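Protein chains in written order, with our numbering: chain W, 170 to 594; chain C, 170 to 594.
Please keep in mind that the hints were generated in silico from the structure rather than gathered at the bench.
Misleading hints may appear alongside valid ones.
[Unchecked claim] No farther apart than 25 Å at their CA atoms in a straight line, the calculated lysine-lysine pairs in the DSS-like style are these:
{"id": "1", "chain 1": "C", "residue 1": "K403", "chain 2": "W", "residue 2": "K192"}
{"id": "2", "chain 1": "W", "residue 1": "K461", "chain 2": "W", "residue 2": "K403"}
{"id": "3", "chain 1": "W", "residue 1": "K403", "chain 2": "W", "residue 2": "K327"}
{"id": "4", "chain 1": "C", "residue 1": "K403", "chain 2": "C", "residue 2": "K461"}
{"id": "5", "chain 1": "C", "residue 1": "K192", "chain 2": "W", "residue 2": "K403"}
{"id": "6", "chain 1": "C", "residue 1": "K403", "chain 2": "W", "residue 2": "K288"}
{"id": "7", "chain 1": "W", "residue 1": "K403", "chain 2": "C", "residue 2": "K288"}
{"id": "8", "chain 1": "C", "residue 1": "K403", "chain 2": "C", "residue 2": "K327"}
{"id": "9", "chain 1": "W", "residue 1": "K288", "chain 2": "C", "residue 2": "K288"}
Just so it is clear, the structure is predicted and the values come from calculations on it, not from any experiment.
Protein chains: 2
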Amino acid sequence: MNQSVAGHFDSETLTAMARACRKASRGLARADSARKNALLLDIATRLEQATTDILTANQRDLAAAPAYGLSDAMIDRLRLDAERIGNIATSVREVAALRDPVGEISHMNEQAGGIQVGKMRIPLGVICMIYESRPNVTVDAAVLALKSGNGIILRGGKEAFHSNHAFAAVIGAALAAAGFDAAAVSLVPTTDRAAMNHLLTLEEEIDLVIPRGGEGLIRFVSQTSRIPVIKHYKGVCHLYVDAAAAPEMAEALLINGKTHRPGVCNALETLLVHRDIAERFLPRALAALAEKGVEVRGCEQTRTFSAAVVPATDADYHAEFLDLIIAIKVVDHYDAALAHIETYGSNHSEVICTNDYDRAQAFVRDVDASAVLVNASSRFNDGGQLGLGCEIGISTTKLHAYGPMGLASLTTEKFVVLGRGQIRH
Amino acid sequence: MNQSVAGHFDSETLTAMARACRKASRGLARADSARKNALLLDIATRLEQATTDILTANQRDLAAAPAYGLSDAMIDRLRLDAERIGNIATSVREVAALRDPVGEISHMNEQAGGIQVGKMRIPLGVICMIYESRPNVTVDAAVLALKSGNGIILRGGKEAFHSNHAFAAVIGAALAAAGFDAAAVSLVPTTDRAAMNHLLTLEEEIDLVIPRGGEGLIRFVSQTSRIPVIKHYKGVCHLYVDAAAAPEMAEALLINGKTHRPGVCNALETLLVHRDIAERFLPRALAALAEKGVEVRGCEQTRTFSAAVVPATDADYHAEFLDLIIAIKVVDHYDAALAHIETYGSNHSEVICTNDYDRAQAFVRDVDASAVLVNASSRFNDGGQLGLGCEIGISTTKLHAYGPMGLASLTTEKFVVLGRGQIRH
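Taking the hints into account, I'd like the entire structure generated from these sequences.
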């Protein structure tokens, strides 16, 4: 294993790094939109110009990948080429084009005594991003943090160590060229677990921790951190086909949700079918799933429609398959569907297919999930699709941000009071 | 010490209590505003009717107070009488009259593909309130939680144990009479520290922890909890008197901020004076402070204006005096004032007094505090004064809520997507 990856862990150096990032973040917080946008456009240009260097670094990571026991899918996520770097640069330019949330003053009203009171949107300060093997997260997260006026500490996985360093070097050079303190984007120089643990204690220096990766990593970070954590847990997403659904629409939502991109968190994992529509809907649904090569694990009633359906266990209803597998259950009524979602769901994305107005309204109100969708694919629970322009992740934590987190989620609001000498009586 | 106070700690009972509160909270989440308001008005009536019982319980706490070593000021906060209970009932009726934040749909827009996307305000779920000696917090916090559709677990201090139980019994009876599950407001039956520690691990059952009390308690809770914590730390609040300030306005803001109610978190603790106005302002300011009996600890320059000023130490500039004591420093320029606030401030309430438009605009933008005030007393940083109608505390955490937390701060938003069968391509 490369010495620079496992690296020497030194808590004082890490604390100093976080303090430097905090200090540097103030320069970003005070920068106006034009200056931040110019910085982002320069980062995009520099990324394209540095393609050769970045690919050389990526080759070093790819060469080490077998030693880390990476699967083919993981190696694919790690691999960069000129086209992928071009796409990353394009997404940086897209973030530059988004509206800057910082400085917006809202709800300015006159209160008793004649003081004017409003709220001003401000950066959070310093964000710590903890992620695994995808090197593009280094650029995506840094650029979203900078645009929203924050500093960011990046702690990527060892698998992408050299690629991450190459990206961070480009961003650091752009920051310095624009007259910002390059410490505003700080890549942790070691992937040592003890270093991460130390970072998670720095509540004075860091305002928010965002872990992205496997459930184990997220659970570990949220249980260890003294700093607020926004979790991006799994998506056990349901499609509930109501008695009043149009079967062809339900089929389209099912196939899109399950097969469009099975490996992502907003893919469907379980289908719930009202018993009154089971006979009309399930045969065509099962045929369509079979045609797409989806393995079906169903309840007893589901199994009466096809011999290919294997019996579903309780674990299947809890599972985030992330694969061409689906669990199906026929429910006796709407409340049974709600109860199932409450028990097995992960507060991510929940879909109803119905043409019953009251039922649709009830579902929107009753279901506790970051996105509740009526007659639309679960795949729409995504920052780009929902109009945020970008996302740093999909929060399944209710505090601060619930669902896709765009630029505004990386800010908070302070109260602004404008008076003419008023005192309190 | 009363057996029921130190109580037997049983983690299974506590977990069951939290689960029951989670279950009960769903009934509140689905209740409409009319039903919640009727509940609150009934709680107010029942509080007045139960005055005798509540005062009897309060007498038990007051009798035990000397054994707990409570100061006179603490005993005064603990003491209830018919008038105070009447005031608590009035404040419950005021919360009933506030607009219900739950169910509001905002930012509904059509996105690509024709889906309609908006955000709906929803309750957080279950809040755990940890507080010390003031029994009225039991009612205030419960009522704010109920109005915003949440369940609440209340963990008060041992000093107010019997008073808290009397209040919780009234609320429980009102919940049951209105057809709600009384577990929606659950008072922890023991003040054992181990019980609190166990509660702070229940991340599946509790969505938010709000500690209110001394700095030690807040620090302990935030370092122990696995659940998100919103801290309500100290207020080291500054008044910066700019070169372009009107001396009479500055004096009024100073005296109001320091002496109106010295023991609260939005009272002034430090005065910063631009050197160009020091000669015109400080003599009158020092005279006005002396007249109010305020002890002054000042820098060398401040001391040239009065022999009564004692030298200020670094610790004085860090101090939250909560008393008739103020620290004063003359600064050479605006940036020195900013740097002082950044170093010694607690992100609570920061005031500038100036008639310079650019300076006022810069201060509003540059200062990182939950409330930044121009030509208005620091005492306005209060939920009632800022138009929230109520507050559960003043957050000095930036995540989720920064500054006074009203009903909306006890809610979050989920995405709502309304389609006509759209799938993602």
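Hint-by-hint comparison with the structure:
Between K403/C and K192/W, the direct Cα distance comes to roughly 23 Å. Compliance with the 25 Å bound is thereby established for this hinted pair. Between K461/W and K403/W the CA atoms are separated by roughly 24 Å; this keeps the pair inside 25 Å, and the hint holds. Note on K403/W and K327/W: the hinted pairing holds, with a Cα-Cα distance of about 23 Å set against a maximum of 25 Å. For a cut-off of 25 Å, the pair hint linking K403/C to K461/C stands: about 24 Å separates their Cα positions.
With a C-alpha separation of about 23 Å, the suggested pair K192/C and K403/W falls inside the 25 Å cut-off, and the hint holds. With a CA separation close to 21 Å, the supplied pair K403/C and K288/W stays within the 25 Å bound. For a cut-off of 25 Å, the pair hint linking K403/W to K288/C stands: about 21 Å separates their Cα positions. For the hint linking K403/C to K327/C, the alpha-carbon distance of about 23 Å falls within 25 Å, and the restraint holds.
In summary, the hint linking K288/W to K288/C is supported, as the alpha carbons are separated by about 19 Å, within the 25 Å threshold.
Comparing the model with each numbered hint stated earlier shows that all of them hold.
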